[in-house]
Amino acid sequence: MSTLTLTRPERVGHPLRDTAIVLGRELKPVLRDPFSVVFSMIQPLFFLALFAPLLSGVTGLGAGSSLQWFVPGIVVMSCLFGASMTGSNLLMEMQTGSHERTLVSPLSRSSLLLGRALKEIVPVVVQAVIVVAVVAPTSFEVHPLGILVGLLMLSVFCVGLGSLSYALALAAKGQDWIFWTVQQTFLFPVLLLAGMLLPIDGGPEWLRTLSKANPLTYIVDAMRGLFAGTYDVGQLLAGTVAALVVCALGLAVGLRSMRAAD
Amino acid sequence: MSELQSTSPMIEARALTRHFTSRKQTVEAVRGLDLTVERGELVALLGPNGAGKSTTLRMLTTLIPPTSGTATVAGYDVGRDPREVRRRIGYIGQGNGAGHNQRARDELVSQGLAYGLDRNTARDRAVELAASLGLAELADRKVSTLSGGQRRRLDIAMGLIHGPELLFLDEPSTGLDPQNRANLQEHVVALRERFGTTVVLTTHYLDEADSLAERVVVVDHGTVVADDTPDRLKAVHASDRVVLGFRDHADAACAVRRVATAHPRAAVRHDGTHVYVEMGGGTFAVPALLADLAATGTPTVSVEVARPTLDDVFLNLTGRSLREGTGTDQSTPSETEEVVAA
Ligand SMILES: Nc1ncnc2c1ncn2[C@@H]1O[C@H](COP(=O)(O)OP(=O)(O)OP(=O)(O)O)[C@@H](O)[C@H]1O
Ligand SMILES: [Mg+2]
Chain A
4 MSTLTLTRPE RVGHPLRDTA IVLGRELKPV LRDPFSVVFS MIQPLFFLAL
54 FAPLLSGVTG LGAGSSLQWF VPGIVVMSCL FGASMTGSNL LMEMQTGSHE
104 RTLVSPLSRS SLLLGRALKE IVPVVVQAVI VVAVVAPTSF EVHPLGILVG
154 LLMLSVFCVG LGSLSYALAL AAKGQDWIFW TVQQTFLFPV LLLAGMLLPI
204 DGGPEWLRTL SKANPLTYIV DAMRGLFAGT YDVGQLLAGT VAALVVCALG
254 LAVGLRSMRA AD
Chain B
842 MSELQSTSPM IEARALTRHF TSRKQTVEAV RGLDLTVERG ELVALLGPNG
892 AGKSTTLRML TTLIPPTSGT ATVAGYDVGR DPREVRRRIG YIGQGNGAGH
942 NQRARDELVS QGLAYGLDRN TARDRAVELA ASLGLAELAD RKVSTLSGGQ
992 RRRLDIAMGL IHGPELLFLD EPSTGLDPQN RANLQEHVVA LRERFGTTVV
1042 LTTHYLDEAD SLAERVVVVD HGTVVADDTP DRLKAVHASD RVVLGFRDHA
1092 DAACAVRRVA TAHPRAAVRH DGTHVYVEMG GGTFAVPALL ADLAATGTPT
1142 VSVEVARPTL DDVFLNLTGR SLREGTGTDQ STPSETEEVV AA
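Protein chains in written order, with my numbering: chain A, 4 to 265; chain B, 842 to 1183.
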């Protein structure tokens, strides 16, 4: 070999190693500033403090306390916000030249997406733990197994949603306004139609139909069952299928966009 | 690495072409560019804004596919085997490579890992490079808090971390102060000595191309308009400037005719007590010229010979100056005052 390099070619481009490197890089800012995750919790905590009390007179919240009904929804909501906005980090990296640098590196295109999308699991877990810790001393009943399974399902969903958000950033080609317009247009209908803040059951027929077409509805319903410790197989199955479908679709779209990235 | 790959040129681009279409307008950024770079060469691509330098590098580094034409880099075709190309090269782009919410040291280590270094080697190299690029104290800072020049140094450190066979640098010294520019040049030289790295860089700094590169490729409107050593380019495309000073106006007026007769191909004019001569090989012609002028009764009292700069070469080749702000307007006010025809 005529040139001496530090690189060990046999290590370069291994898909799992690549994904671990990208995931590791994405997690570093979180590890360095754990408070950044805590700050992103302010919003759901406001909902808990200022919105949840309004639910006390609302009907259709099931058997438990209104918090028991509301908390799973708020956990899903904060993850929905986080995962749908995550593409904005990539958008920023596209503008500075950082994304270009990683595209020239031998990291596989797939790992550039997978590593990023997998990171979404971390805020899901951290935020859920904080919310549950805050409400644990109240009328809210903690069912650890149910919470664990629920978070697993939500993580699968968020990996898919994060992946879609990255695909959107790539499609926007670094233009902020395109990204944010599409993200906001999508976010609120999905949020409201999933019955996260108020029950859908009392709504008009057309609204309930739309709600049934929203995969997030099934995840929220399943999470409510799990957080309450009632394990309804049908509900669980529907939620799992919805999460897997979103995940598969998101990854398919995300991987396609990243592989086509120039 | 096969025998063929280690003896074939590091870069071989043939009729490389790239068009961009935006708003129904087609920009021909690169038009049929040919470039061969041998292993171990240090080549500077020089060209005005929009000449197609970055677009050329982006094609050679597999970032964008050529519209037509081919390029083989480090033994592999950029279109067919982009991953093989990527694992063999390093690239410091025109933008900033570090993520804004990352710590400088973390980005260096991640970059090393991405290129196949193990964690310890990556950490050691990060410390080594941070120290030698004056980043040691900044290594734990968030990238968004670094100054422009500090970020540029971080980019350079990231590009060097894996000691690549072939390194592309797109305007590496933009935003660096003179000391750090010198430091960058040392790094490029050291990299070649240590790893035998082939280097292709683009620059607007003529002195940088002049002192660093053995070969300067001048690019304009997407094609190569000249390709040679800095010295040869200067010899062929620009002339020496000789300024002769005389005792008085009358002597200068006599001398200007004498010089013009002796060197019919030189551009000669006089202004007050000075005669300005632009000619090829001026450094060799001056001694005889001075002797002749002394013998004919118009002795010189001062003499100045300026070698041409790459900027002169540039102006000559492209009709534009590389120096910011000056454009093509190179004339000084006195130049237009008294132009004496021989
Ligand atoms: N993505 C793009 N879309 C449209 N036009 C582009 C794109 N990239 C480059 N161009 C155009 O192609 C031409 C060459 O651009 P390029 O960036 O290669 O120039 P350059 O030589 O690197 O210039 P500079 O010295 O300013 O960096 C320019 O006219 C530029 O506007
Ligand atoms: Mg450029």
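Derived by calculation from the structure, the hints in this document are not laboratory data. Where a beta carbon is used, it is the ideal one built from N, C-alpha and C, also for glycine. Misleading hints may appear alongside valid ones.
To be verified - Covered by chain A, per the in silico footprint, the following chain B stretches (three or more residues, Cβ under 8 Å):
id: 1; region: 901–914
id: 2; region: 938–951
Stated by the list, open to error - Residues on chain B that point at chain A, a partial pick, calculated with CB under 7 Å:
id: 3; residue: PRO923
id: 4; residue: ARG927
id: 5; residue: TYR932
id: 6; residue: GLY934
id: 7; residue: LEU954
id: 8; residue: GLY957
id: 9; residue: ARG1148
To be verified - Distance windows between CB atoms, simulated:
id: 10; chain 1: A; residue 1: ILE181; chain 2: B; residue 2: GLN866; range: 34 to 40 Å
id: 11; chain 1: B; residue 1: SER973; chain 2: A; residue 2: TRP180; range: 53 to 59 Å
id: 12; chain 1: A; residue 1: VAL41; chain 2: B; residue 2: THR911; range: 38 to 44 Å
id: 13; chain 1: B; residue 1: VAL1030; chain 2: A; residue 2: SER39; range: 52 to 58 Å
Hints, one by one, checked against the model:
A count of 5 residues in the region 901–914 of chain B with a Cβ less than 8 Å from any Cβ of chain A is obtained; the coverage claim is therefore met, three being the minimum. Coverage of the region 938–951 of chain B by chain A holds [criterion: at least 3 residues with CB-CB distance below 8 Å; count 10]. A hinted interface residue such as PRO923 of chain B counts as satisfied when its beta carbon comes closer than 7 Å to some beta carbon of chain A; here the least separation is about 10 Å, so the hint is violated. Annotation: ARG927 of chain B was flagged as interfacial toward chain A, and the flag holds, the nearest CB pair being 5 Å apart, inside 7 Å.
Given the 7 Å rule on beta carbons, the hint for TYR932 of chain B holds: about 4 Å separates it from the nearest Cβ of chain A. The interface hint given for GLY934 of chain B is met, as the beta carbon of that residue sits about 5 Å from the closest beta carbon of chain A, less than 7 Å. With a least beta-carbon distance of about 5 Å to chain A, the hint placing LEU954 of chain B at the interface is held under the 7 Å criterion. Hint on GLY957 of chain B holds. Least Cβ distance to chain A is approximately 4 Å, under the 7 Å limit.
Residue-level restraint check for ARG1148 of chain B is violated (minimum Cβ-Cβ distance to chain A is 35 Å; threshold 7 Å). Remark: the range hint 34 to 40 Å for ILE181 of chain A to GLN866 of chain B is contradicted by a beta-carbon distance near 21 Å. For SER973 of chain B paired with TRP180 of chain A, a C-beta distance near 42 Å fails the hint of 53 to 59 Å. At roughly 53 Å, the beta carbons of VAL41 of chain A and THR911 of chain B sit outside the given window of 38 to 44 Å.
Remark: the range hint 52 to 58 Å for VAL1030 of chain B to SER39 of chain A is contradicted by a beta-carbon distance near 41 Å.
Consistency note: the structure conflicts with the earlier hints numbered 3, 9, 10, 11, 12, 13.
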